[in-house]
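Asks: Build the full structure now, drawing on both the sequences and the hints.
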Amino acid sequence: MSDSERLCLHVPEPTGRPGCQTDFTYLKLSPAGSVRRPPLDVEPVDTRDLSMQLIRVLDENGQAVGPWAEDISPDLLRRGLRAMMKTRAFDSRMLIAQRQKKLSFYIQCLGEEAIAVGQTLALRDGDMNFPTYRQQGILITREVSTVEMMCQLLSNERDPLKGRQLPVMYSYRDAGFFSISGNLGTQYIQAVGWAMASAIKGDTRISSAWIGDGSTAASDFHAGLTFAHVYKAPVILNVVNNQWAISTFQAFAGGEGTTFAARGIGYGVASLRVDGNDFLAVYAASRWAAERARRNLGPTLIEWVTYRAGPHSTSDDPSKYRPADDWSNFPLGDPIARLKKHLIAIGAWSEQEHEETQKALEAEIASAQKEAESYGTLGNGRVPSAADMFEGVYKDMPEHLRRQRQQLGV
Amino acid sequence: MNALNEQKAHEASAVASMTMIQALRSAMDVMLGRDDNVVIFGEDVGYFGGVFRCTDGLQAKYGKSRVFDAPISENGIAGAAVGMSAYGLRPVAEIQFADYVYPAVDQIVSEAARLRYRSNGQFTSAITFRMPCGGGIYGGQTHSQSPEAIFTQVCGLRTVMPSNPYDAKGLLIASIESDDPVVFLEPKRLYNGPFDGHHDRPVTPWAKHPTAAVPEGYYNVPLDSAAVVRPGKQITILTYGTTVWVAQAAAEETGIDAEVIDLRSLWPLDLETIVESVKKTRRCLVLHEATRTCGFGAELVSLVQEHCFYHLEAPIERVTGWDTPYPHAQEWDYFPGPARVGAALKRVMEV
Chain R
1 MSDSERLCLH VPEPTGRPGC QTDFTYLKLS PAGSVRRPPL DVEPVDTRDL
51 SMQLIRVLDE NGQAVGPWAE DISPDLLRRG LRAMMKTRAF DSRMLIAQRQ
101 KKLSFYIQCL GEEAIAVGQT LALRDGDMNF PTYRQQGILI TREVSTVEMM
151 CQLLSNERDP LKGRQLPVMY SYRDAGFFSI SGNLGTQYIQ AVGWAMASAI
201 KGDTRISSAW IGDGSTAASD FHAGLTFAHV YKAPVILNVV NNQWAISTFQ
251 AFAGGEGTTF AARGIGYGVA SLRVDGNDFL AVYAASRWAA ERARRNLGPT
301 LIEWVTYRAG PHSTSDDPSK YRPADDWSNF PLGDPIARLK KHLIAIGAWS
351 EQEHEETQKA LEAEIASAQK EAESYGTLGN GRVPSAADMF EGVYKDMPEH
401 LRRQRQQLGV
Chain V
1 MNALNEQKAH EASAVASMTM IQALRSAMDV MLGRDDNVVI FGEDVGYFGG
51 VFRCTDGLQA KYGKSRVFDA PISENGIAGA AVGMSAYGLR PVAEIQFADY
101 VYPAVDQIVS EAARLRYRSN GQFTSAITFR MPCGGGIYGG QTHSQSPEAI
151 FTQVCGLRTV MPSNPYDAKG LLIASIESDD PVVFLEPKRL YNGPFDGHHD
201 RPVTPWAKHP TAAVPEGYYN VPLDSAAVVR PGKQITILTY GTTVWVAQAA
251 AEETGIDAEV IDLRSLWPLD LETIVESVKK TRRCLVLHEA TRTCGFGAEL
301 VSLVQEHCFY HLEAPIERVT GWDTPYPHAQ EWDYFPGPAR VGAALKRVME
351 V
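Protein sequence lines, in the order shown, are assigned to chains R and V. Letter by letter, the first sequence follows residues 1 to 410 in the UniProt record's numbering. Letter by letter, the second sequence follows residues 1 to 351 in the UniProt record's numbering.
Read the hints as simulated data drawn from the structure, not as lab findings. One should not assume that every hint holds.
Said to hold, decoys possible - Below, a list of computed lysine-lysine pairs in the PhoX-like style, where the Cα atoms sit at most 25 angstroms apart: (1) R:K320 with R:K101; (2) V:K279 with V:K346; (3) R:K232 with V:K64; (4) R:K341 with R:K320; (5) V:K279 with V:K233; (6) R:K370 with R:K101; (7) V:K346 with V:K280; (8) R:K359 with R:K370; (9) V:K233 with V:K346; (10) R:K201 with V:K64; (11) R:K201 with V:K61; (12) V:K61 with R:K232.
Replies: Here it is in C-alpha cells:
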C-alpha cells in the first residue's frame, strides 16, 4: 500500500447472499461457561473483556456450565419454555392469518423468543419495558390476554387501541409494556428518562430499553447511552443483534470488526455480550443487570447475539438478500430446542410433555383467534367507530376536532 | 379558609414588577413548589440558572433532582422528558434556542404529540418544551428563528407564545398544568422589555409597563384564549409575540383604528375572538416574524377567509419575515417593523 494510491469507499457486505452460505466466524463466539461473572459493583471499564466475548451457559449437551449457571428452579425454566413456545405458536398462527388477509400486517420474533421471555422473568411487576415491535414475548410471559392482542392485530371492535395503530404496535401499561412507536430508536432514550424519573422519586422500579442492531445507528441510541451514564439511570439497555435490519447486514449499523456491547464501554456503561438463544444465559445476565440497576449501581448494556430466523415482516422476502437456509447454519441454534434439551437432560421435561404442551398451546391460540375474530376483523368492517378517531388527540377534544367530527357526520 | 389557604391567598394577591424572565422564573418556582412531579432540566438550566437567567436560583431552592443540567442533546432532552412523563412526572424541558429544536422534533412530533392517541390514553405527555424564539436581537440565522409553524401543524401539540410578563407567567403555569404536550415559545426580544420594532430608540424596561405587574403566587392564564390588546374598529390585526407591540405602534403611528389581537395560544386557538373581531372590522391583517410561505399566517388567513368571507371588504394581508434564512446585517430589513406594518394597514384600508 503506498500513500499515492487512489482512495476507495468501503461498503460492507455479508458473506452469505442467496445461493451462498454465510460464514458465521465473524460472530466471535466463546465456549459455554468460559466467560467470567464480575461482581455487581464492577466498574464499567472493567467489563471491557465481557463486551467482546460471549456469555453462554448451555453447552452442546444441554448442560448448564460456568459462573453464569444459576440455581434456577425447573418450574421457572418450564415457565420460560412454555412462554417461548406460546410466543412461537402465536406468531405462526398470526402469520397465517395475515396471509389469509385477516390482518394487514404482522411481525414475528422467530428465533428470538428467549430474550424477551428470559428478561421478563428476571424483572419484577412494575418495571417498565420500552420494547420494539419484536418483543411480543414480554406480553406472552406477563400473560396478557392473547385474545386482546389479536383484537389489536385485527383492529376490531375490541381493539384496546381503538383501531388507531398498525398491527403489533401494542401498548400495555399494566403489563409494563410501553406503547410501541413506528419510529425506530425513540423509545431507547425514553426508557432512560423513565428510569431517571424512578430515581428522582426514590422509587425501586427499573426500566428496560430495547433496540435492534440496525437502530443502534439512530441518534437516540447515542442519547440513551449518554443520559444513562450521566445520570446513572436504573435501566437495562438491551441491544438485540439479530444480524439483520430488514435487508441490511449488521455491519451497516457499524458491527464490522467490533461488537455492539463494546459501544457501552466508551460511554462508561457496564456491558455484557450474551448468547441470546441460551435461555439460562439470558435469565442470568438480565438478573445481574436488574440487580445492578436496583442497587443504584447504574445502567448495563447487553448485546444479545441471536438470529432473525423469519422474514423482517409479512411485507418482506428474505430470500432476495440472504441464504434461504441461513438459520440452520447459525451456530447458536434455536432457543426453544436448546432449553428443551437442557430440561430433558436434567430430567425436568420429556418429549411427550413437549408434544402435549405444543398441542395444547396451538389449541389455545386457535381458540383465542376464533374468539378474537368473533369481535370483527379489518376485512369484515367491524372496526372501532369513526368517532373514536377524534378522541385522545388531546385530553379534552378541542373545538376544531369537534367540528371535524361533525363534518364527518359521526 | 384555614391559615395555609389564607397565606396562599395573600401570596396570590401580592404583586411585584417583573421582567418576562422573572415572570417565567416565578412560574416555574410556583409550580415546583405546588407539584412534586414538576422537574426542570435542559442545557445550563441547573447550577448556572440558564443562559437567559430564567431558572436562576431554582436548583439551589429545590435541589438537583428537581432542577438539573442536561447534556447537549436536544433529542435526548425531549426523549428523556417523554419517558419521565410516561412515568408520571411533569417535566419542563428547556431547548436553549428554538433554532436548536430540530434534533428534538422527532421526539416531539412522533412521540410526545402522539402518545396519548396511539396508546388510547394509557400513556400521556404532560410536558412543557420551553424555547426562546424570535429575532430583533442581531441573532443571525440560528438565534432568531420562529419555528411555530412546525409545531402548529402537529396534531396533539399545543403551541403557546406570550408577549408580556403577566401572560408569560400565567400561560407557563397553565402549560405546565396541561396534560397535553405544550411547545412554549418565549420571544427573547421581549425578555427585558417590550419592543415595537423601533430599534433606533432606547428600549423601555418592563417596569414602566402595566403588564409587568405580576402576582407573586399562583394564577394562570387559560390556554386557547386570545386577548384583545388594543380595541379598534377599522381593521383586525392577528399576531403574537414581539409583533404584538409592533402592531400597536403601527396603529398609533398611522392613526388607523386597528383592533390588535394577541393570540397567545397559537394552536389550538381562540377562533371565536378572531371571528367576532373580523366580522366587526371587516378587514384583517396577519403579522408574524416567521417566514411567509406555509407560515402559521397562512392558516390564520385561511380560517378568516372560511369563517368571515361575507364580511370581508378587502383581501386579507400578511406581513411576515421574508422567505429567507434570518440574516445578520440586514436585520431591520428582515424584521417586520412598524413601517412595513403601517404601509400594509394603509393598503388594506384603501377603497
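Asks: Does each hint fit the structure? Answer for all of them.
Replies: Outcome of the hint check:
1. R:K320 with R:K101: Cα-Cα ~23 angstroms, so holds.
2. V:K279 with V:K346: The hint holds at about 19 angstroms.
3. R:K232 with V:K64: The hint holds at about 14 angstroms.
4. R:K341 with R:K320: violated (33 angstroms)
5. V:K279 with V:K233: Satisfied, since the Cα-Cα distance of roughly 10 angstroms is no more than 25 angstroms.
6. R:K370 with R:K101: Distance ~15 angstroms between K370 (chain R) and K101 (chain R) Cα, so the pair holds.
7. V:K346 with V:K280: holds (18 angstroms)
8. R:K359 with R:K370: holds (16 angstroms)
9. V:K233 with V:K346: The hint holds at about 14 angstroms.
10. R:K201 with V:K64: holds (12 angstroms)
11. R:K201 with V:K61: Cα-Cα ~17 angstroms, so holds.
12. V:K61 with R:K232: holds (23 angstroms)
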